[in-house]
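Participant: Sequence:
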Amino acid sequence: MARIIDKEEKRLDIARASIELFVAKGMQQTSIDEIAKSAGVAKGTVYLYFKNKEEIIFTIWDMLSQQHDEAFLKRITPEMSAKEKILEYFNFSECEKEHDKEQMLTLYQHFVSSMLVDKTGLYSAYFERFFQQDYDYISSWLNDGIAKGEITVGNVDLLTYTIIMLLKGVLIRAKASNMNFYEAQNTLTQHLIYLLDQYTRKEPCKN
1 MARIIDKEEK RLDIARASIE LFVAKGMQQT SIDEIAKSAG VAKGTVYLYF
51 KNKEEIIFTI WDMLSQQHDE AFLKRITPEM SAKEKILEYF NFSECEKEHD
101 KEQMLTLYQH FVSSMLVDKT GLYSAYFERF FQQDYDYISS WLNDGIAKGE
151 ITVGNVDLLT YTIIMLLKGV LIRAKASNMN FYEAQNTLTQ HLIYLLDQYT
201 RKEPCKN
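First residue of the sequence shown? That's 1 in UniProt numbering, and the numbers climb one at a time after it.
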């Protein structure tokens, strides 16, 4: 009797097998031949599941994003403030449980680098939906915080984009300064706290 193959799981297996290659060599320098060898399959098998290398990269991002969203949703509660939700959204501590945290930092940096040098438009088009998700989440929390009187923001749109740009900037700085995972996470958190504190309403001093 022929063995039934779970096509989606096989697809994810190939994507997972390519992570170490992408971390070590970068997105552009890694070949389909190397990915096939790492996954223990023929090159033709890789093409049965992916049209090109970019689809493998995007599948990895889909997988990591889903893991992050699931971890984030478990950490937040309706009672949390806008500031607390944003800080949790940019808390990537689940990397310690699901993957090698240092590899994940390098992988995220390669994602950003590939997007910056991309001339095909594939990366920009793909990542735009994630940036839109970030925007929708953050702006909704900020508006909710305004409605609850937690924060005062004159331009929600500008602050939202500033927070998103902060993440990209910290990833680039972490690469340039050779930061480890904890240093990068702490740098991101500290900058977010400083930025959001500028908009947090302060309780009046009691005599």
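Just so you know, not all the hints are guaranteed correct.
Cβ-Cβ distance ranges computed for the label pairs, FRET-style [stated by the list, open to error]:
| id | residue 1 | residue 2 | range |
| --- | --- | --- | --- |
| 1 | V117 | S38 | 42 to 50 Å |
| 2 | K119 | E70 | 28 to 36 Å |
| 3 | F130 | E79 | 24 to 32 Å |
| 4 | E79 | G44 | 47 to 55 Å |
| 5 | G40 | Q198 | 45 to 53 Å |
| 6 | M80 | I164 | 13 to 21 Å |
| 7 | D136 | R16 | 27 to 35 Å |
| 8 | K119 | G149 | 44 to 52 Å |
| 9 | F130 | Q28 | 19 to 27 Å |
| 10 | E70 | E34 | 51 to 59 Å |
| 11 | Y137 | I172 | 21 to 29 Å |
| 12 | L195 | S31 | 23 to 31 Å |
| 13 | L48 | T162 | 29 to 37 Å |
Here are the computed lysine-lysine pairs in the DSS-like style, where the Cα-Cα straight-line distance is at most 30 Å [as the list claims (entries may be wrong)]:
| id | residue 1 | residue 2 |
| --- | --- | --- |
| 14 | K51 | K119 |
| 15 | K25 | K7 |
| 16 | K37 | K53 |
| 17 | K74 | K7 |
These are computed hints drawn from the structure, not numbers from a lab. The C-beta atom is built at its ideal place from N, Cα and C for all residues, glycine as well.
Participant: So, for every hint listed, does it hold in this structure?
Facilitator: Results for each hint:
1. V117 to S38: 42 to 50 Å: 24 Å, violated
2. K119 to E70: 28 to 36 Å: 34 Å, holds
3. F130 to E79: 24 to 32 Å: 27 Å, holds
4. E79 to G44: 47 to 55 Å: 53 Å, holds
5. G40 to Q198: 45 to 53 Å: At 52 Å between Cβs, range holds.
6. M80 to I164: 13 to 21 Å: Hint holds: Cβ distance 20 Å, inside 13 to 21 Å.
7. D136 to R16: 27 to 35 Å: 29 Å, holds
8. K119 to G149: 44 to 52 Å: 47 Å, holds
9. F130 to Q28: 19 to 27 Å: 20 Å, holds
10. E70 to E34: 51 to 59 Å: For E34 against E70, whose Cβ atoms are near 30 Å apart, the range 51 to 59 Å is violated.
11. Y137 to I172: 21 to 29 Å: At 22 Å between Cβs, range holds.
12. L195 to S31: 23 to 31 Å: 41 Å, violated
13. L48 to T162: 29 to 37 Å: Since L48 and T162 have Cβ atoms about 43 Å apart, the given range 29 to 37 Å is violated.
14. K51 to K119: Roughly 18 Å between the alpha carbons, so the hint for K51 and K119 holds.
15. K25 to K7: Given that 30 Å is the threshold and the Cα spacing comes to 27 Å, the pair holds.
16. K37 to K53: Distance ~14 Å between K37 and K53 Cα, so the pair holds.
17. K74 to K7: 29 Å, holds
Consistency note: the structure conflicts with the earlier hints numbered 1, 10, 12, 13.
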